[in-house]
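Colleague: Fit chain X to the given chain E structure using the hints.
Heads up: the sequence lines are chains E and X, in that order.
All the letters of the first sequence, read from the start, carry residue numbers 0 to 459 under numbering that gives the first Met the number 0.
All the letters of the second sequence, read from the start, carry residue numbers 0 to 46 under numbering that gives the first Met the number 0.
In case anyone wonders, no lab produced these hints; they're calculated from the structure.
Glycine residues also receive a C-beta, built at the ideal position from the N, C-alpha and C atoms.
Any given hint might turn out to be false.
To give a feel for the contact side, a few chain E residues facing chain X, derived at Cβ under 7 Å [stated by the list, open to error]:
| no. | residue |
| --- | --- |
| 1 | Gly18 |
| 2 | Ala19 |
| 3 | His21 |
| 4 | Leu23 |
| 5 | Thr26 |
| 6 | Glu66 |
| 7 | Ala67 |
| 8 | Ala103 |
| 9 | Val342 |
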Amino acid sequence: MVHTFTALGVSVAVDVNSGAVHVLDRTAYDLLEALNRENANPGRLAENCPADLAAQLPQYSAEALEEAWQDLRALQEEGLLFVEDDYIDPAAAVAMQREAPIKALCLHVSHDCNLRCKYCFASTGDFGTGHRMTMDFETAKRAIDFVIERSGKRRNIEVDFFGGEPLMAMDTVKKTVEYARSIEKEHGKCFRFTITTNGVLLNDENIEYINREMSNAVLSIDGRKEVNDRMRPTINGKGSYDVIVPKFQKLIAGRGDKDYYLRGTFARDNLDFAADVMHMASLGAKNISVEPVVGGPEDPYALREEDVPAILAEYEKLAEELRKHPEVNFFHFNVDLAQGPCVIKRLRGCGAGCEYVAITPEGDIYPCHQFVGNEEYKLGNLYEGTFNMEISKAFSNLNIYTREDCKNCWARFYCSGGCSASNLLVNGDIKKPHHVGCELERKRLECAIALRAIAAGMAD
Amino acid sequence: MKHVKTLNGATLKNSAAHGGCGECQTSCQSACKTSCTVANQKCENNK
Numbered sequence: 000m001v002h003t004f005t006a007l008g009v010s011v012a013v014d015v016n017s018g019a020v021h022v023l024d025r026t027a028y029d030l031l032e033a034l035n036r037e038n039a040n041p042g043r044l045a046e047n048c049p050a051d052l053a054a055q056l057p058q059y060s061a062e063a064l065e066e067a068w069q070d071l072r073a074l075q076e077e078g079l080l081f082v083e084d085d086y087i088d089p090a091a092a093v094a095m096q097r098e099a100p101i102k103a104l105c106l107h108v109s110h111d112c113n114l115r116c117k118y119c120f121a122s123t124g125d126f127g128t129g130h131r132m133t134m135d136f137e138t139a140k141r142a143i144d145f146v147i148e149r150s151g152k153r154r155n156i157e158v159d160f161f162g163g164e165p166l167m168a169m170d171t172v173k174k175t176v177e178y179a180r181s182i183e184k185e186h187g188k189c190f191r192f193t194i195t196t197n198g199v200l201l202n203d204e205n206i207e208y209i210n211r212e213m214s215n216a217v218l219s220i221d222g223r224k225e226v227n228d229r230m231r232p233t234i235n236g237k238g239s240y241d242v243i244v245p246k247f248q249k250l251i252a253g254r255g256d257k258d259y260y261l262r263g264t265f266a267r268d269n270l271d272f273a274a275d276v277m278h279m280a281s282l283g284a285k286n287i288s289v290e291p292v293v294g295g296p297e298d299p300y301a302l303r304e305e306d307v308p309a310i311l312a313e314y315e316k317l318a319e320e321l322r323k324h325p326e327v328n329f330f331h332f333n334v335d336l337a338q339g340p341c342v343i344k345r346l347r348g349c350g351a352g353c354e355y356v357a358i359t360p361e362g363d364i365y366p367c368h369q370f371v372g373n374e375e376y377k378l379g380n381l382y383e384g385t386f387n388m389e390i391s392k393a394f395s396n397l398n399i400y401t402r403e404d405c406k407n408c409w410a411r412f413y414c415s416g417g418c419s420a421s422n423l424l425v426n427g428d429i430k431k432p433h434h435v436g437c438e439l440e441r442k443r444l445e446c447a448i449a450l451r452a453i454a455a456g457m458a459d
Numbered sequence: 000m001k002h003v004k005t006l007n008g009a010t011l012k013n014s015a016a017h018g019g020c021g022e023c024q025t026s027c028q029s030a031c032k033t034s035c036t037v038a039n040q041k042c043e044n045n046k
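In isolation and in its complexed conformation, chain E is listed as follows (with noise of 0.2 Å):
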């Protein structure tokens, strides 16, 4: 399978499952974008340049459409064009996912918070639970106690503090901490902590904590003042932004080289979120994440079928910009096409319910922090020693080649099968790919990899 688009100005192909990524000329182009439509699994090319396929491209030379084509004829020698997924084992993969330990935790320390956002998918905090708690420091030792059991030969070991609001629960954060560094070389594991707060409760001294012990930091703003301010209101119904601002700078000031984000949410009522990443970016950010949120069909906010054209015209709006500030990393378009991960991660993507859990302030363990509060899909509780193996194998069974949807899709080893959670929300399956949220992503995919080639030179 082929995959061929233009964006930024550049032509490029990918050869989906090989991984080749091709920059091609105008004749090029059009010629494999021809054979393409007629044929995409064309088995070994032609010698010369049929007939027919050069009939539909009068205004092309005869010459330079037999000169494009024995290029891509030496591309397919080279196995970097129209290469089989046969190499590909799926029943392995699905194998190797089953015995998956879990190795990655989102510990949600606070199911309560001090921002009342109006897209929370947390219900403002408490997860529609109707009441709000701090997860106590027992039951997050029990949670380092069972990650490191589940984790097997497993050496990196993720834990997300997250709520809520995290900072709501320092002190459990930091025995947390404490204990897991107290015994992790007992165990030959190696935690990494990341903190994904919202800001209002930083001050110097967990700043300093922070990016002391932190690997990572995920740090949520929306952009631009007025954006921030209509969908992150305090209790008091106030804006965060001039709260949070100044915070978030000292912290970013003193990262070091660890790693942050600047994150937010694009809704409905900001399509034109590319001001809001350069807005972030202009308060000093070099790290940014903006999402698409999530919702269902009945939330004022979500995105709709309709409003897909121009979130895809904004995402390449973005990418112009991004291309004049090669030192800003939007994380969507930061996609490594040599170094990243294996074709197996690319199977399984995100490993909800198998490789990763989210923890309640209960015990209460859940496919990821997205499911929590759903019931048909709790796993089990940590004091009870609980843990139903029938809803991981469900999550472990998920991979490209399980979810029909993904099974033709050019983006899939760059995805891997979208988000279980939004998924279910939106089609009440965690099998069946959120539409909108497909075409979000292979334009993003698209931007990054243009993005790619232009850093690389080969743009005219």
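Modeller: The following block gives chain X in isolation, referenced to the frame of chain E:
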């Protein structure tokens, strides 16, 4: 080649031989928390 420049080789296919160690970051832990993109994770296989 006059008409084609190769930006990236068959890295995906080549990765099948040594992949699957499982040490790389869980994609949703990095920044997104809402939408899954796997291709921007780093490979951590040191073997």
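Colleague: State for each hint whether it applies.
Modeller: Going through the hints against the structure:
1. Gly18: holds, 3 Å
2. Ala19: Constraint on Ala19 of chain E satisfied, holds at 5 Å.
3. His21: The hint holds - His21 of chain E has a Cβ within 7 Å of chain X, the shortest such distance being about 5 Å.
4. Leu23: Since the shortest Cβ distance to chain X is 5 Å, the answer is holds.
5. Thr26: The hint holds - Thr26 of chain E has a Cβ within 7 Å of chain X, the shortest such distance being about 6 Å.
6. Glu66: holds, 6 Å
7. Ala67: holds, 4 Å
8. Ala103: Cβ of Ala103 of chain E sits 4 Å from chain X, so the hint holds.
9. Val342: holds, 5 Å
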